[in-house]
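Trainee: Top line first, the protein sequences correspond to chains A and B. Position 121 (the first sequence) corresponds to 123 in our numbering; numbering is contiguous. Position 101 (the second sequence) corresponds to 131 in our numbering; numbering is contiguous.
Don't read these hints as lab results, they were simulated from the structure. Bear in mind that the values here come from a model prediction, so they are computed numbers and not experimental data. It is possible that part of the hints are untrue.
Said to hold, decoys possible - Sample of chain B residues lacking proximity to chain A, with all beta carbon distances greater than 12 Å (derived): (1) Phe37; (2) Ile74; (3) Leu115; (4) Leu139; (5) Gly341; (6) Val490; (7) Ala670.
Said to hold, decoys possible - If you want the footprint, here are the derived chain A segments under chain B, 3+ residues with CB under 8 Å: (8) 11-25; (9) 128-134.
Unchecked claim - Listed next, with one range per pair, are the computed distances between beta-carbon atoms: (10) Lys41(A) x Thr107(B): 34 to 40 Å; (11) Lys41(A) x Pro421(B): 45 to 51 Å; (12) Lys41(A) x Gly472(B): 35 to 41 Å; (13) Gly149(A) x Ile350(B): 55 to 61 Å; (14) Ala424(B) x Pro86(A): 42 to 48 Å; (15) Pro167(A) x Arg575(B): 53 to 59 Å; (16) Arg174(A) x Glu534(B): 38 to 44 Å.
We put the beta carbon where it would ideally sit given N, CA and C, even for glycine.
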Amino acid sequence: MSRLKLWLPLAAFAFFVGLAAYMLFTPRDTAVASALVGKQVPDFELPAASSARPGVSIADLTNGQPKLLNIWASWCVPCIAEAPQLETLESAGIPIVGVAIRDSGEDVDRFLDTHGNPYTRIGADDISQVQLSIGSSGVPETFVVDGSGTITYQHIGDIRPEHVPLLIEEWRKAGGR
Amino acid sequence: MIAELGFAALWMAAALAVLQLVSAALSLREEGRQMAALVRPAAIVQGALATTSFVILLVLFAQTDLSVKLVATHSHTAKPFLYKLTGAWGNHEGSMLLWVAVMALSGALIAKIEHRLPERTTLATLGAQGFIGVGFYAFLLFSSNPFERLPVPASEGLGLNPLLQDIGLAFHPPTLYIGYVGLSVAFSFAVGALLTRQVTPDFARAMRAWVLGAWVFLTLGITAGSYWAYYELGWGGYWFWDPVENASLMPWLAATALLHSVSVLASRNALRTWTIMLGVVAFSMSMLGTFLVRSGILTSVHAFAVDPERGSFILVLLTIYIGSALVLFALRAGSIAEGERFAVTSREGALVFNNVMLSAILAIVLLGTLYPLLAEAFGARVSVGPPYFNPVGAIFTFPMLAVMAVGPLLRWRDDSWSRISRPLALIAAVCIVALLIAVVNGPIGILPLLGLVFAAGLAVASFAPLRGRRLRRVPVATWGMIFAHFGIAVALFGMASEAAFSDEELAALAPGDSAVVGPWSVTLDEVEPVAGPNWTALQAGFSARVGDGAPVTLNPQARSYWSPAQETTESALATRWNGQLYAVLGNRAEDGRWQVRLWWKPFVTLIWYGGVLIALGGVLAIIGWIRADYRKRWMAERLARHREAST
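The following block holds chain A by itself, in its conformation from the complex:
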């Protein structure tokens, strides 16, 4: 075996290390493209989760008016962090429909009293029927739904202040004004 050949593995390895180091320190595009964007929200009907607001059905999402569909729960800690941003979005004139996952009426009322109530309607999804059918994997999650009931954008996790302009923009793109 020639001497030079013995250094080849090291050269290949050095190339890999260089590449890996370069990639580690290059900012990545981490946007998640959801499989559900462009799909229709399936038919559903949920009873009211709170005495303060009526329940939700598919008819509320297909009445020509673009909305945010917020999946949340009173027992969810990030949902508390998200509440002020939902208020901001509501005051910007965006209708928000809530779906409360595995919750009780009293807990929902208590949550709304403490953290504000930006919702026009809140459905009670006790067996995660709606959550499962629109591909939500946890709480909180927010969907932008256009006037015909088609999902145009999915936001996973809590809405932080920096996401607010983005969601307003997405709602406008879905036909909101």
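Starting from the structure of chain A, add chain B where the hints point.
Mentor: Frame of chain A, contents of chain B only:
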């Protein structure tokens, strides 16, 4: 208090690893001879301390001590006890601690039992172990402390990723880890032998058990992981060429090649530099796998505990270990003679061929795994999947399988084809019959067809080395080889059969409706909510039957865990001798019918039975070698005593 004890034990173990490294390094020089006495005790105490530290972490998880950050972020009081324990390694910090604990224990074991090699080589090996250990301890102590306390104890834990709450996956990472760590021991042996230029058959025999042990654990880990991905992720396949899957396949391929070349070195004193090189490569692949999984540098569906900062730390460790080993190799390998010569048509020749094929497959998988990274560096986004891996891998796999069938029939050093013409004719006949049966049954793809034919041929060929031998006198290690090779044939048959004959049915069913898949008629009886200890689910009740047979109940679920909130799909399986019926409950359609996915996968279970057989073969080989070693030593002692008596 107890968490601080664990942390203190970890610090002391780290200090001993430094001592082990320094004393071993000094002892290799003339003037530092007296330091040699420190190396073995340091390794043994280090093993005890690292193990203590890990046991303390297990206790913290068992008690759900929520004042410890790691427990609070990865456990929950409502979790089943078993998963509280497995939560200890179901995260980055805990799994790294498990890694160093197993590594330190291996070092202690070498220090305790290894007395066959020249003392200098053993000490150099332990020094290399210390060298690797120091980096991992630094990683744990400075960047991933598992014993960190929270300023205020949490009132409740965040839980464990529900995907990990599964018996298969609870034991899959530690199994793989033990395999990875076993390869680190092989690496240390290779470095030790390079340092002292003692690449001998004795060295190969000392290294062999570690390589084989690591390989058995890797095989079992991969088998368990593959079955888990099949029933938990609903991948419905056996190999997806996901980067994280490849991260465990690459060390396995390298270990398989190493295993065979170390056998040649042990019994024939050939392939010296090649064995050393593979020893370095095998551990490099474990480190590379860890790096890819932990750094998030590649996108994968199941890269857990991803963090670029940790990624850079592992990259630094990887650079130091592998880089210095490769420099050492380049400097020293030229001075290591290649060893005994042999003819092309010989057992060695077949093993070299297979080594080259395995290395080629490894290179292909490595290239395919890293290519997206390379492309992304140049601004392109590509994903490399089965269309690349399957055909390109097959180019090298099938010739390898052919030689694998023939190789064990050949004699060492030199042989002729005419001597083995009769078993060759038998194997060829079996292949032709299999080909005819497969073709008559209808058209299937070329790769599944080749798979079925080669599986049949290899299955028969595996037992051919028994020809003309008295079964009771066949060495245990030979039985090991037979089982392992037969296991490959069995797994290959399972994969080919699954690829060729699977039947899939995607149906929308209302309760009372039926669907047909393969020989099964499946009726949806109901869909009901059910609740578990930390989840709720929608559960379907299917009754499935073949012809007029008794119905089998299948209950697939769509589960929602609430801490952390996550949905998982629990498939339901009905296992028969000739395959598995696989059912998944999907979404509810607008008209109220349920989307249902059904598969009939003929002989799919053979994939995992094959994996278990392969591992069993490895276990038999270890037992055989250890027994042969003992017998040899016993004979030598008796001979010495006999000589003494006669003089």
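Trainee: For every hint, state whether the structure bears it out.
Mentor: Going down the list of hints, with the structure as the test:
Against the 12 Å criterion, Phe37(B) stays outside the reach of chain A, whose nearest CB is about 28 Å from its own CB. Separation of Ile74(B) from chain A is adequate, the least Cβ-Cβ distance of about 33 Å exceeding the 12 Å criterion. Against the 12 Å criterion, Leu115(B) stays outside the reach of chain A, whose nearest CB is about 25 Å from its own CB. The Cβ of Leu139(B) lies farther than 12 Å from every Cβ of chain A, with a closest approach of about 29 Å, so its non-interface assignment holds.
Once the 12 Å rule is applied to beta carbons, Gly341(B) is inconsistent with being away from chain A; the minimum gap is 5 Å. At roughly 38 Å, the least C-beta separation between Val490(B) and chain A is larger than 12 Å, which holds for a residue marked as non-interface. Look at Ala670(B): its CB is around 40 Å from the nearest CB on chain A, clear of 12 Å, so calling it non-interface holds up. By the rule of at least three residues with a Cβ nearer than 8 Å to a Cβ of chain B, the coverage given for the segment 11-25 of chain A holds, with 11 such residues.
With a cut-off of 8 Å between beta carbons, the segment 128-134 of chain A has 5 residues touching chain B; three or more are needed, and the interface restraint holds. For the hinted restraint 34 to 40 Å between Lys41(A) and Thr107(B), the CB-CB distance of approximately 38 Å keeps it satisfied. The hint said 45 to 51 Å for the Cβ distance between Lys41(A) and Pro421(B), and at roughly 34 Å that hint is violated. Distance hint check for Lys41(A) and Gly472(B): the Cβ-Cβ separation is about 37 Å, which falls inside the suggested range of 35 to 41 Å.
Range check, Gly149(A) to Ile350(B): about 60 Å between beta-carbon atoms, so the 55 to 61 Å window is met. Look at Ala424(B) against Pro86(A): about 58 Å separates their beta carbons, and that is not inside 42 to 48 Å. Between Pro167(A) and Arg575(B) the Cβ separation comes to about 58 Å, which falls inside the hinted range of 53 to 59 Å. For the pair Arg174(A) and Glu534(B), the beta carbons lie near 42 Å from each other, so the given range of 38 to 44 Å is met.
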